[in-house]
Each structure stands twice: as structure tokens, then as C-alpha cells.
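These protein sequences, in sequence, are chains D and E.
Taking full-length UniProt numbering, I'd label the letters of the first sequence as residues 1 to 532.
Taking full-length UniProt numbering, I'd label the letters of the second sequence as residues 1 to 532.
All clues stand as given, with none of them false.
Each pair may be met inside one copy or between any two copies, as identical chains are not told apart.
Capping the alpha-carbon separation at 25 Å, the derived lysine to any residue pairs in SDA-like fashion look like this:
#, residue 1, residue 2
1, K274, V187
2, K459, P502
3, K459, R42
Simulated from the structure, these hints should not be mistaken for laboratory data.
As the structure is a computational prediction, the values presented were derived from the model and not from experiment.
Number of protein chains: 2
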Amino acid sequence: MTNGADRLLATLEHNDIEVCFANPGTSEMHFVASLDKATKIRGVLGLFEGTVTGAADGYSRMTDRPAATLLHLGPGLANGLSNMHNALRARAGIVNVIGDHATYHRDLDAPLTSDIEGTARPFSHWVRSSPSPDTIAADTADAISQAEAGRVASLILPADTAWNPVTGDPAVPTAAALPRPVLDERVIAAAAKRLRASGEHTAILMGGRSLRADQLAVAGRIAAATGAHLLSDTFAPRTERGAGRVTTLKVPYPVGPSQELLADFDALILVDSKEPVAFFAYPDKSSVLTAAGTTFFEICPREGDALAALEALAEAVGATDADVTCDGIASGAGTAEGRGQTAELSLPGMPSGTITPEKIGAFLGNAIPEGAIVVDESITTGASFWVQTVSARPHDWFSGTGGSIGYAMPVAAGAAIACPDRPVITLESDGSGLYQPQALWTQAREGLNVVTLIFNNAKYQILRNEMANVGVPDFGPKASALLDLSDPVPNWSAISEGMGVPARRVETVEQLDAAFSEALAEPGPRLIEVMV
Amino acid sequence: MTNGADRLLATLEHNDIEVCFANPGTSEMHFVASLDKATKIRGVLGLFEGTVTGAADGYSRMTDRPAATLLHLGPGLANGLSNMHNALRARAGIVNVIGDHATYHRDLDAPLTSDIEGTARPFSHWVRSSPSPDTIAADTADAISQAEAGRVASLILPADTAWNPVTGDPAVPTAAALPRPVLDERVIAAAAKRLRASGEHTAILMGGRSLRADQLAVAGRIAAATGAHLLSDTFAPRTERGAGRVTTLKVPYPVGPSQELLADFDALILVDSKEPVAFFAYPDKSSVLTAAGTTFFEICPREGDALAALEALAEAVGATDADVTCDGIASGAGTAEGRGQTAELSLPGMPSGTITPEKIGAFLGNAIPEGAIVVDESITTGASFWVQTVSARPHDWFSGTGGSIGYAMPVAAGAAIACPDRPVITLESDGSGLYQPQALWTQAREGLNVVTLIFNNAKYQILRNEMANVGVPDFGPKASALLDLSDPVPNWSAISEGMGVPARRVETVEQLDAAFSEALAEPGPRLIEVMV
Numbered sequence: 001m002t003n004g005a006d007r008l009l010a011t012l013e014h015n016d017i018e019v020c021f022a023n024p025g026t027s028e029m030h031f032v033a034s035l036d037k038a039t040k041i042r043g044v045l046g047l048f049e050g051t052v053t054g055a056a057d058g059y060s061r062m063t064d065r066p067a068a069t070l071l072h073l074g075p076g077l078a079n080g081l082s083n084m085h086n087a088l089r090a091r092a093g094i095v096n097v098i099g100d101h102a103t104y105h106r107d108l109d110a111p112l113t114s115d116i117e118g119t120a121r122p123f124s125h126w127v128r129s130s131p132s133p134d135t136i137a138a139d140t141a142d143a144i145s146q147a148e149a150g151r152v153a154s155l156i157l158p159a160d161t162a163w164n165p166v167t168g169d170p171a172v173p174t175a176a177a178l179p180r181p182v183l184d185e186r187v188i189a190a191a192a193k194r195l196r197a198s199g200e201h202t203a204i205l206m207g208g209r210s211l212r213a214d215q216l217a218v219a220g221r222i223a224a225a226t227g228a229h230l231l232s233d234t235f236a237p238r239t240e241r242g243a244g245r246v247t248t249l250k251v252p253y254p255v256g257p258s259q260e261l262l263a264d265f266d267a268l269i270l271v272d273s274k275e276p277v278a279f280f281a282y283p284d285k286s287s288v289l290t291a292a293g294t295t296f297f298e299i300c301p302r303e304g305d306a307l308a309a310l311e312a313l314a315e316a317v318g319a320t321d322a323d324v325t326c327d328g329i330a331s332g333a334g335t336a337e338g339r340g341q342t343a344e345l346s347l348p349g350m351p352s353g354t355i356t357p358e359k360i361g362a363f364l365g366n367a368i369p370e371g372a373i374v375v376d377e378s379i380t381t382g383a384s385f386w387v388q389t390v391s392a393r394p395h396d397w398f399s400g401t402g403g404s405i406g407y408a409m410p411v412a413a414g415a416a417i418a419c420p421d422r423p424v425i426t427l428e429s430d431g432s433g434l435y436q437p438q439a440l441w442t443q444a445r446e447g448l449n450v451v452t453l454i455f456n457n458a459k460y461q462i463l464r465n466e467m468a469n470v471g472v473p474d475f476g477p478k479a480s481a482l483l484d485l486s487d488p489v490p491n492w493s494a495i496s497e498g499m500g501v502p503a504r505r506v507e508t509v510e511q512l513d514a515a516f517s518e519a520l521a522e523p524g525p526r527l528i529e530v531m532v
Numbered sequence: 001m002t003n004g005a006d007r008l009l010a011t012l013e014h015n016d017i018e019v020c021f022a023n024p025g026t027s028e029m030h031f032v033a034s035l036d037k038a039t040k041i042r043g044v045l046g047l048f049e050g051t052v053t054g055a056a057d058g059y060s061r062m063t064d065r066p067a068a069t070l071l072h073l074g075p076g077l078a079n080g081l082s083n084m085h086n087a088l089r090a091r092a093g094i095v096n097v098i099g100d101h102a103t104y105h106r107d108l109d110a111p112l113t114s115d116i117e118g119t120a121r122p123f124s125h126w127v128r129s130s131p132s133p134d135t136i137a138a139d140t141a142d143a144i145s146q147a148e149a150g151r152v153a154s155l156i157l158p159a160d161t162a163w164n165p166v167t168g169d170p171a172v173p174t175a176a177a178l179p180r181p182v183l184d185e186r187v188i189a190a191a192a193k194r195l196r197a198s199g200e201h202t203a204i205l206m207g208g209r210s211l212r213a214d215q216l217a218v219a220g221r222i223a224a225a226t227g228a229h230l231l232s233d234t235f236a237p238r239t240e241r242g243a244g245r246v247t248t249l250k251v252p253y254p255v256g257p258s259q260e261l262l263a264d265f266d267a268l269i270l271v272d273s274k275e276p277v278a279f280f281a282y283p284d285k286s287s288v289l290t291a292a293g294t295t296f297f298e299i300c301p302r303e304g305d306a307l308a309a310l311e312a313l314a315e316a317v318g319a320t321d322a323d324v325t326c327d328g329i330a331s332g333a334g335t336a337e338g339r340g341q342t343a344e345l346s347l348p349g350m351p352s353g354t355i356t357p358e359k360i361g362a363f364l365g366n367a368i369p370e371g372a373i374v375v376d377e378s379i380t381t382g383a384s385f386w387v388q389t390v391s392a393r394p395h396d397w398f399s400g401t402g403g404s405i406g407y408a409m410p411v412a413a414g415a416a417i418a419c420p421d422r423p424v425i426t427l428e429s430d431g432s433g434l435y436q437p438q439a440l441w442t443q444a445r446e447g448l449n450v451v452t453l454i455f456n457n458a459k460y461q462i463l464r465n466e467m468a469n470v471g472v473p474d475f476g477p478k479a480s481a482l483l484d485l486s487d488p489v490p491n492w493s494a495i496s497e498g499m500g501v502p503a504r505r506v507e508t509v510e511q512l513d514a515a516f517s518e519a520l521a522e523p524g525p526r527l528i529e530v531m532v
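Turn these sequences into a full structure, and let the hints guide you.
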């Protein structure tokens with residue numbers, strides 16, 4: 001007998017979904033049992049649902065392909081939502097399979113009953129509940145179509161849909177490709193005209209999936225030919241960078257510096273990005289970062305073909321000749337000026353002694369291995385890391401796209417599963433890491449090559465800064481206690497060992513360097529607690 | 001200057017809200033700063049939002065009063081939803097304050113923007129976004145009214161509502177009491193008639209806030225006078241039990257035994273409970289637990305006055321005489337028969353040697369101190385605990401009301417803050433505890449008298465049972481791996497120490513007894529990892 005769960009998994013497998021990150025419950029037991037029939041799909045257990053959805057995000061960022069998840073009813077879905085928020089903003093493709101009570105059981109209001117569709121909707125592009133085993137294959141294919149376009153699809157699977165026999169058409173459908181947004185030739189022509197007229201006062205702002213080596217190379221040619229500047233989103237899902245890659249200038253997080261930067265441009269060409277706005281509102285500051293009267297040319301909307309758009313623009317400005325070269329950047333000290341230069345390998349000198357945030361940045365610039373995937377949630381400690389690693393060995397860099405905290409360790413797990421031969425380096429702050437430390441266990445279970453650096457400063461330093469930014473210079477002891485992680489200071493080495501990941505605490509750059517080398521040399525995950 | 005945040009906190013304080021469990025972010029900095037002006041409100045930091053909402057649930061279960069929470073935007077709210085689900089089912093009153101972007105910032109679609117109202121709605125009775133500092137006091141009072149009725153109220157606070165000055169009426173409003181459901185005298189009369197005619201085949205099913213000593217005492221008199229049975233919900237928020245308390249027979253979790261029990265009754269009198277249904281649906285089993293033709297008398301709907309309803313019923317059946325007594329139960333071996341007996345103190349003998357689940361139950365029956373608050377999430381390990389503690393020293397017992405896993409350690413923190421002079425004992429299974437271990441840090445930070453027993457069996461044993469229940473007797477290696485917590489086995493002692501809670505691992509009852517006594521004797525939290 002083939003049941004609905006079997007059909008669901010056969011449809012996933014037929015459409016080349018290779019991994020299902022899962023935290024199952026009773027209502028998903030048939031799905032779990034069917035997993036053993038889908039021989040090409042790997043099941044990966046997360047102890048908390050944030051690990052599940054975050055890992056799917058990380059997997060998709062590396063592969064540009066969807067992962068599946070398995071979540072248990074409304075509360076299980078709820079636990080996965082915050083990382084789904086980041087995935088939505090990262091253009092990660094995910095097929096969430098959310099178990100539900102049997103269709104006839106839902107109206108009885110049993111204790112675990114809740115509005116699953118309503119819960120999924122704010123964090124999904126697409127939500128559907130599949131009413132029967134005979135609809136599940138088509139519904140799964142529709143969900144995959146969505147996810148292949150870089151969207152979050154939430155498919156609700158009532159228990160009886162999973163366990164009842166299939167009676168209909170036994171064919172397993174192939175997911176149809178969704179039409180991509182058509183590039184508007186007139187917008188590209190207008191952008192080209194502006195670039196030719198005033199390249200120096202024009203910036204190309206890149207985001208989403210456009211920050212890859214190929215797209216950056218084309219953008220670099222345009223910049224070299226026209227004098228345009230290359231900017232990138234403050235929080236981009238994945239940037240291919242380091243030696244040999246065309247550099248961009250990242251729009252700064254603080255409002256003042258970003259407004260200062262953007263004031264230089266009277267036109268912005270948007271490639272898989274949007275008109276830049278402040279991350280938060282602040283009293284007496286504008287939330288719009290660009291100068292009044294700035295003209296925008298959206299040459300590649302979200303989900304558009306960024307490479308095609310950039311190539312069309314390059315052709316229109318006469319930057320098609322691959323011989324058009326840009327100056328190289330050959331410094332680890334942050335001279336990426338957003339002029340489309342290609343970074344040349346230039347490792348900063350290895351610092352020594354007591355650890356400071358700046359020394360960590362120099363260490364990373366020196367030590368990041370070729371092909372590394374860096375997952376950055378270093379918050380205040382990492383303010384200088386981006387600049388200090390511009391000329392490092394070539395690597396990929398992830399940012400927290402939706403601002404939801406705690407994403408890094410789950411996302412690192414998914415990236416490591418997508419790319420088992422590449423080292424993954426998580427840069428994690430102590431406060432952020434404490435939202436979802438369970439991802440370490442999945443890293444241990446799966447033997448993933450992830451090195452996590454935890455920067456332990458025992459406080460929410462960013463919120464202390466933000467207090468001043470929102471106009472509260474002095475605050476009392478109760479407020480202070482809510483921004484403080486001491487009393488007790490979490491012992492990250494103990495937490496990590498408890499989750500099965502060997503850990504070491506370091507207090508000098510020499511110790512950090514030794515621990516890092518050892519961690520890279522050994523298979524499986526390691527955690528280094530960096531006392532800042 | 002008084003701003004909106006000041007008004008919000010003044011309104012909470014004026015209405016005797018004593019605690020705010022918080023995990024703030026940038027958009028809540030004015031609220032945090034104002035907390036120091038509200039001198040009677042205690043701020044308690046949680047490192048993860050599940051700690052925040054779970055602690056509010058635990059606080060409210062003990063006080064029947066609301067706690068406030070502070071959550072950061074959509075993703076922060078999302079992380080708190082699963083424990084809000086349990087709170088909804090527990091009739092816990094909570095005023096969630098959820099920070100939002102400034103009103104003018106929301107339309108810009110900054111990275112952290114999401115549909116907060118839509119996210120809150122499935123897990124709240126009441127949702128409102130307050131548009132200005134001049135509306136915030138009245139909106140807060142409305143939220144408190146809801147929470148005082150035992151509901152979850154979610155008040156969204158845009159950042160500019162918090163930071164802008166108040167210009168309107170400076171008076172701080174008192175929350176109006178919501179009208180309670182009127183008891184239906186005809187239903188009570190009909191129930192009394194049925195009890196007089198056929199008490200032996202009638203059961204009184206109690207839940208919600210009715211499982212307190214006073215209400216149970218009246219129900220015991222009714223049972224003694226009429227022969228009725230006393231049953232209680234499988235998952236009740238708080239039951240006052242042990243020596244001196246009238247006992248009930250809990251409706252079993254498995255479908256078969258619960259249907260067998262309920263088949264004996266042709267009428268059920270519902271007191272703050274509902275028609276009992278299966279927790280999950282199973283193939284070929286009915287989801288309805290009562291026999292066909294069962295008559296229901298809902299003498300006290302949810303939010304009704306259970307004591308008044310029971311007293312009216314007692315009067316109607318002539319059980320008003322306080323001299324009507326019931327036989328005592330004087331055994332630790334589980335003879336609570338649901339006949340309204342009062343438990344007499346009877347401590348089971350202290351077992352010894354290697355630990356088994358049954359020995360843990362006997363140990364608890366022997367060792368629970370008077371006045372303890374027991375928060376139970378022991379799942380399969382604890383199957384016999386309820387019966388083995390029926391004649392223990394008087395204590396309160398919490399269950400996972402909504403079935404959302406990981407509730408116990410956060411809820412224990414809130415109960416301990418509500419009742420600092422009473423020992424709190426958390427009975428936690430290893431799999432469940434790993435959803436939200438961050439609550440241990442809050443227990444350490446606040447120096448709470450919580451003893452956590454973790455039952456480490458390194459697997460999701462309940463799901464192994466449920467596989468068979470849903471008709472999957474054999475399953476493959478991938479399914480098996482998803483139900484297994486070994487490889488690596490989490491080291492709970494290390495996790496606990498990492499969170500700042502001293503821990504000890506025990507393998508014999510003697511070690512457990514010694515560690516438990518020591519934990520109770522010392523102030524502050526302790527964790528005991530019980531290897532099962």
C-alpha cells in the first residue's frame with residue numbers, strides 16, 4: 001500500500017530534494033516511517049525547530065536549491081518561524097512540511113490544536129493544507145515550484161492525509177518552473193544612459209543572489225567603464241568575496257554613516273535589492289537613507305536574472321570587453337572603495353597577545369582558509385571584520401538577512417550539509433548564540449565541519465549602544481540588568497561540550513590561532529570560546 | 001517629559017502588575033528605560049523568548065494574576081508563541097508587550113518588518129496595536145482586563161508610541177473587570193437531578209482553575225453524598241493535591257484506557273473542562289473518548305466561578321453539610337479511585353539501588369516537601385508519578401496544558417518568582433528539556449529555588465511508542481535516527497553548569513536522594529541529571 005506520506009516523499013525525491021531537516025512528533029510518524037523508502041533523501045534531526053528552519057536556509061543559500069523541513073503542528077512551526085523570517089529575506093527556498101491533526105480531529109479542539117495556516121502565513125510566501133492522499137503529490141509539486149523560485153512554501157499535512165492509502169493517479173509530478181520576472185529593457189537603457197552621463201554620481205546597489213563572483217565580475221566591468229560605484233546591502237545572504245573577487249562597499253548599519261555615503265549619489269541602480277532604508281527608526285532621524293531626489297533604476301527585481309540584467313547593462317555602456325580591468329585591492333586594511341576593484345590576495349599580519357575585536361578581524365583576514373563559508377553573527381565584536389577580510393583567501397560570507405537573532409549556528413549546520421568539503425566558520429556573539437544553541441548538537445550528530453567562534457563579552461553590547469541612539473543616555477539599574485549577560489556569565493565551553501561539540505576557551509591570539517588550526521584539521525565540529 | 005513607555009508602565013504598575021519578563025531589542029529601549037521609573041515592577045531577563053512567555057504562564061498559574069512580558073518585534077514574538085499556546089490552554093493571564101517599528105517606519109519594509117498582528121492572533125485572545133502615546137494607557141488597561149480574566153493579551157507598541165510625549169489626559173486608568181459567564185441554574189438543577197437519580201454512573205470532570213483545594217473539597221462532598229466519581233483533565237494547569245486534598249482520577253492519556261474508563265458513565269458534569277477527546281487521532285480509533293449517548297452538563301464554563309457552581313450543585317444534592325466526609329486514601333501505591341476520597345499522608349518506602357522510572361515515582365512520593373510546586377514534563381519516564389504521589393505531602397502539580405514541548409523549565413522559573421518561599425521541582429525529560437534550556441540561566445540569574453530533575457534516557461521514547469500506536473510497527477534506520485538522542489548523548493550536567501546552574505549526575509536512588517536533599521537545603525537553583 002502506498003499512503004499519502006509515501007507520495008509526498010516520492011514527490012520530493014523525484015524533484016531532487018536531497019535533505020529533510022526534521023523535528024517530528026506523533027502526527028508526523030507516517031512521514032518519518034516513509035523517509036526510509038525515499039532512499040535519496042537524507043533526514044537530519046534538530047532538537048529545536050529553529051535548527052530545522054535555519055539549517056534549511058543555510059542549505060539553500062549554498063545550493064540555490066530548496067531543502068525540506070518537517071515540523072510538528074502549530075507550536076513546532078512557531079518555534080521555527082524566526083529563522084523562516086531570515087530565510088524569507090535571504091531568498092532561501094524551503095518546503096516546510098507541517099504535520100497537523102487528522103482532518104476529522106481538528107474540530108474537536110484537542111490540546112495541541114491551533115490555527116496552523118494563520119501561523120504560517122506571516123512567514124511564508126505560500127501556504128496550503130492538503131486535504132487527502134490524492135491531492136498530496138500535486139500540492140507537494142506546487143510547494144517545490146515555489147521553493148525553487150527562492151520562496152518559503154508551507155505545506156500542511158493532516159495526519160490522515162499521511163496515513164490513508166492513495167487511490168488516484170500514481171504518477172509523481174515534476175514541479176513546474178515559475179516564470180521569472182521579465183527584465184525591463186527600457187529601465188536598463190535608462191540606467192545605461194545615466195551611467196554614461198554621470199557614472200561618478202551613480203551607484204550600483206547589489207543584494208540577494210547577485211553578490212556572486214560572476215555577477216560581481218560584470219558589475220566590476222561596468223564600474224571600470226563608467227566610474228560608477230559598487231555598493232552592497234548591509235545584510236546580504238551570501239557574498240562571494242576575498243582574493244580574485246570584485247569588491248563592493250557595504251552600506252553601513254548606522255544611519256549617519258549610511259546617509260553620508262549615499263548622499264554622494266543622485267542615482268542608484270538596484271540589482272536584486274531595494275531602496276535602502278534604516279534598519280530601525282530613531283527619534284529625529286530619517287528612516288530613508290538616500291538623499292531627496294535620488295533616482296532609482298530597478299534593473300533586476302527580486303527573483304529576476306541578475307546576471308542577464310548586468311550583462312545587458314554592460315553591453316549598453318560598452319563594458320562588454322573582458323579586457324576592461326579594474327585596479328586590484330591588495331590590502332587587508334580595508335581600502336575597498338566601492339569602485340569595482342578586484343581584491344588581490346593580501347593577508348594581514350598575524351596579531352598577538354590579548355584579544356581585542358580588531359585583532360580578531362586581522363586574525364580572520366589572515367586565517368580564513370580558501371573556500372570557507374563564513375556565517376557572521378558577530379554583532380558589535382565584528383564591526384571591523386568585513387573590511388579586514390576583503391583581501392583574504394576566497395570565501396563566502398553570510399549575513400543575518402532578516403535581523404532575527406540566533407540564526408548563525410543553525411544556518412551553519414545547513415551550509416555544512418550542502419558543502420561537506422568546505423570548512424564552515426561561524427562568528428557568533430554570546431548573546432545571539434544563546435537563542436538557539438541546540439544547533440550545535442546537530443553539528444555533532446552529523447559530524448559537520450563547522451568551527452564556531454563565540455565572542456564572549458557577557459552583555460548585549462549592541463543594545464547598550466542603541467540606548468544612546470534612541471536618546472536614552474542614562475538608564476537605571478533595572479534597565480542595565482536587562483542588557484547584561486553576567487551574573488552568571490554563560491560558560492559557552494560547557495554548553496558546547498554538553499551539546500557534544502568539543503570546545504576550548506582562548507584568551508590570546510596565539511591560543512586562538514592554535515585552537516583554530518586544530519579545529520580545521522580535525523573532522524567534525526569544534527567551538528572556540530573567545531574571551532573579549 | 002512623560003512618554004508613551006512611561007504611561008504604559010505606570011498603567012501596569014497602577015493595576016498591580018508586579019513582574020515583567022523581558023527579552024528586549026532596539027525598538028523596546030524606551031520601555032526598558034522606563035522600567036526604572038516603575039519601582040514596583042520587577043524586570044526579569046530571559047535569554048530566549050520562550051523563557052519569557054513560559055515564565056509568565058507559571059507566574060499566573062500560581063497567582064491567578066497576570067504577568068507582563070516584553071518581546072522584540074515579530075521574530076521575538078514568534079520565539080515566544082509555543083509557550084503562549086500552553087498559557088492559552090492553562091487559562092494563564094498574560095499581557096504581552098510587543099515592540100514594533102515606529103508607525104512611519106513600518107511601510108518601508110526594513111529587514112525586521114513582519115506582520116506582528118497576524119503572528120500574535122493565533123496564540124492570543126486579544127491583539128491591539130497602540131497608535132499613539134495618548135492611546136497607550138487605555139489600551140494597556142484593556143489588555144490588563146483581558147489578562148485578569150485568564151487570557152493572553154498582546155499589545156503592540158510601535159517605537160514612536162513609546163518615545164513620543166504624552167499630550168492627553170494624564171490619569172492612569174484602572175482596568176475594568178470583564179463580566180464572568182453567568183452560571184445557568186437550569187443546568188445545575190439538571191445535573192443535580194441526574195446525580196440524585198444515578199450518581200454511580202455520573203462523573204464530575206474538573207479542569208482549569210477548579211482543581212484547587214477548596215473546589216475539590218466541595219466536589220468531594222458531592223461525590224460522598226451521591227456516589228458520583230471525580231475525574232480530572234489529563235493535562236491540567238495546577239492541581240492542589242497530596243495529603244488532605246480530595247483526590248480525582250485523571251483521564252488517562254492513551255485512547256484505549258481513557259475510553260474504558262469513560263464507558264462507565266452515562267453522564268459527565270463539566271467544571272471548567274470540556275467534552276474529553278483524544279490528544280492525537282490514530283488510524284482506526286475514535287477521537288471521541290466518551291461513549292455514544294453520554295449526556296453532558298456544563299455547570300461551569302471556562303472563566304466561570306467553579307466554586308460557586310460546585311457549591312450550588314452541592315446544595316441542590318443536599319451535600320452542604322461539612323460533616324459529610326469521605327474515606328481517606330492512605331497509600332502511596334495508587335488507590336485513588338476517583339470517588340472523592342481525601343488523601344491521608346502516606347509516604348511510600350524509600351527505594352534503593354539502580355534507578356528505574358517506578359523507583360523515581362516512589363522516591364518523589366516520599367520526598368516531595370510540603371508546599372512544593374511540581375512542574376511535570378516527565379513524559380514516558382513519569383507515567384506512574386501521578387499515582388505514586390497521591391498521598392505525598394501537600395503540593396501543587398502543573399501539567400503541559402497545550403502539549404507544546406519544552407514548557408517546564410520556563411514555567412518553573414515563573415512559579416518560583418511568584419512563590420519565592422516554596423520549593424519548585426521540575427520533572428523534565430531529556431528530549432523536552434532541550435527545546436528551551438535557556439530558562440536555567442534565568443533561574444540562576446534570579447537565584448530561584450528550583451530543583452530540576454532531568455531524566456536522561458537519550459531518546460524520544462514517546463515517539464517510539466507512538467510509532468506503534470499509529471500502525472507502524474517496524475521502521476528503518478533513518479526513522480530510528482530521528483527518534484534517538486544518542487550519538488551524541490547530551491550531557492545535561494555540562495549544559496546546566498554552562499547556564500550557571502550547579503548540576504550533579506546520579507545513577508542510584510541513594511545518590512538521587514542525597515543530591516535532592518542538598519539541592520533543597522541550598523538557596524538557588526540546582527539540576528540533577530538522573531540516568532534512567
